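S.K.: Kindly produce the complete structure, drawing on both the sequences and the hints.
Residue numbers (the UniProt record's numbering), protein chains in the order written: chain U, 1 to 97; chain A, 1 to 393.
Quick caveat, the hints were computed from the structure, so don't treat them as lab data. Among the hints, a few may not be true.
Label-pair ranges, simulated between beta-carbon atoms [claimed, not checked]: (1) A:H312 - U:K4: 38 to 46 Å; (2) A:E57 - U:N87: 49 to 57 Å; (3) U:E8 - A:P363: 48 to 56 Å; (4) A:L197 - U:G86: 55 to 63 Å; (5) A:E57 - U:P11: 28 to 36 Å; (6) U:K4 - A:A72: 24 to 32 Å; (7) U:K97 - A:G210: 31 to 39 Å; (8) U:P11 - A:E204: 15 to 23 Å.
Here are the simulated DSS-like cross-link-like pairs (lysine-lysine), alpha carbons at most 25 Å apart as the crow flies [claimed, not checked]: (9) A:K378 - A:K346; (10) A:K250 - A:K277; (11) A:K231 - U:K7; (12) U:K4 - A:K231; (13) A:K195 - U:K7.
Remember, predicted model here, so these are calculated numbers, not experimental data. Cβ atoms here follow ideal geometry from the backbone N, Cα and C, with glycine treated the same way.
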Amino acid sequence: MKLKGWKEVNPGAVITEAGSALKFKTGSWRAFRPKWIEENCIQCLFCWIYCPDMAIKVKDGKRAEFDYDYCKGCGICALECPGKKGNKAIVMEEEGK
Amino acid sequence: MGKVVAVTGNEAVAEALRQVNPDVCAAYPITPQTDMMQRFAVFANNGKVKTEMILVESEHSAMSACVGASAAGGRVVTATSSQGLALMWEILFIASGSRLPIVMPVVNRALSAPLNIHGDHSDAMGARDCGWIQLWSENAQEAYDNAIQAFRIAEHMDIRLPVMVCLDGFIISHSIERIEYLDDELVKNFVGEYKQLNPLLDVEHPVSYGPLILPDYYMEFRRAQAEVMTKVADVVLDVAKDFEKISGRKYGLFETYRLDDAEIGLVILNSAAGTSKDVIDEFRSKGIKAGILKPRLYRPFPYKEIGEVLKHLKAVCVLDRADAFGASYGPLFMDIASSIYPYKDKPILINKIYGLGGRDYLPEHAELVLNELVEIAKTGKVKTFKEYIGVRE
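M.R.: Below you can see the structure in the form of structure tokens.
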């Protein structure tokens, strides 16, 4: 996308479009990424509740994949995940590995 | 002609605000502004205005409330002085950066420390580069007139910028002067209906104010904001022309007094300009060609226009009622120096700091300065470029 010049920006930096934060992808800050291990998941949805962003998707009442466009890698989901019999369903991995 | 009254500067400006009848006023008392907002609060309490008063717990909150109310779509005012303006500092930038046409009388007062409540320009000078328009006023009449014009300037669709109306603490705010009030109806028609632009309360068209702008765009927004400032002078002159029609009083970007054929001149802001004019008359009667330039639109500073009227002089003294603690010249001096900088033949400039913390500026001070300028014009020699007037050794 071509960046706008100073003559084209909105006066006062007012954003006149609703829901435009969706276009602002914040997942590029991440140093660690959460990995979902589906076989250990008990569908408690704690990760969805605790995620400070909207990086965990729920589909038909069930946990779906991470939305890495908005995941900042904070690791709260991995910390809160009770797992199945002590085996975590979310683990943090170094980004780019 | 409207009603002639004897009122203080604070009373006159409060009256202007009553006539404008803004939607929201956030108020926090600070000397010497207190009396202005108190009078306005009385108008609100007695139903003379429909203004929603927000009585906040600090000036930081006052300006924050103004930003919120203005973004919501209201015509908004507040007023302050000194430390109050200093406490607003970070929100001043948010108001101008968000292009919110807030109007704020600033009753000029010295900054601490040491604590001092008297007239001095340190407060507004500290806020001169925060993106607000600044109009300065010599007396209560000008403060009243500027306050009314400020709304039209701020709310102009080409600009949408906040405006400070500066008037000297105590000397103007608390002295009683003869002034002419305009009729309520005239003022109401002059300022007109407030036109909202991107109001937050328009739920049909949702907007966000104050977004995070990263390095990829911040500079573009600031460049665009600087561009808006270049349009201000024309708007100020247009509004002044319309104001002259209803008041008979003429305003420009600055006032010149006997400057056209002058050889020496003073540049001075606000109330001290009046004192100086009398002394200029005395010098003129002695055959000395002296004149005065009194800036009115101080931000954005009309460098080109001021340079044009000053360039032919031989010697000019810029008098600052605020010091600069970078061991440098006073703020007004630096702007005047910049405005004559482009010219090959230009006057010799000197700088005097006067009247800090409310110390009197007397006719004999102007005399001393003018005599020194006569000497400089004759010899081309300057003893000291920056000096203090009326300070004890």
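S.K.: All hints are to be evaluated individually against the structure, with a verdict given for each.
M.R.: Verification of the supplied hints:
1. Look at H312 of chain A against K4 of chain U: about 45 Å separates their beta carbons, and that is inside 38 to 46 Å.
2. A hinted range of 49 to 57 Å holds for the C-beta pair E57 of chain A and N87 of chain U, which are about 54 Å apart.
3. Checked against the given bound of 48 to 56 Å, the beta carbons of E8 of chain U and P363 of chain A, roughly 55 Å apart, stay inside it.
4. For L197 of chain A and G86 of chain U, the Cβ-Cβ distance of about 59 Å falls inside the hinted range of 55 to 63 Å, so the restraint holds.
5. Between E57 of chain A and P11 of chain U the CB atoms are about 31 Å apart, so this pair conforms to the stated range of 28 to 36 Å.
6. Roughly 27 Å separates the CB atoms of K4 of chain U and A72 of chain A, a value that falls within the hinted 24 to 32 Å.
7. Between K97 of chain U and G210 of chain A, the C-beta spacing of about 38 Å keeps the proposed range 31 to 39 Å intact.
8. Checked against the given bound of 15 to 23 Å, the beta carbons of P11 of chain U and E204 of chain A, roughly 20 Å apart, stay inside it.
9. Proximity of K378 of chain A to K346 of chain A is assessed by CA-CA distance (about 15 Å); at most 25 Å being required, the pair is judged to hold.
10. For the hint linking K250 of chain A to K277 of chain A, the alpha-carbon distance of about 17 Å falls within 25 Å, and the restraint holds.
11. The suggested pairing of K231 of chain A with K7 of chain U holds, with an alpha-carbon distance near 14 Å, which does not exceed 25 Å.
12. For the given pair, K4 of chain U sits about 22 Å from K231 of chain A by alpha-carbon distance, which is consistent with the 25 Å threshold.
13. Proposed proximity of K195 of chain A and K7 of chain U is supported: the alpha carbons are some 23 Å apart, at most 25 Å.
Hint violations for this structure: none, all hints satisfied.
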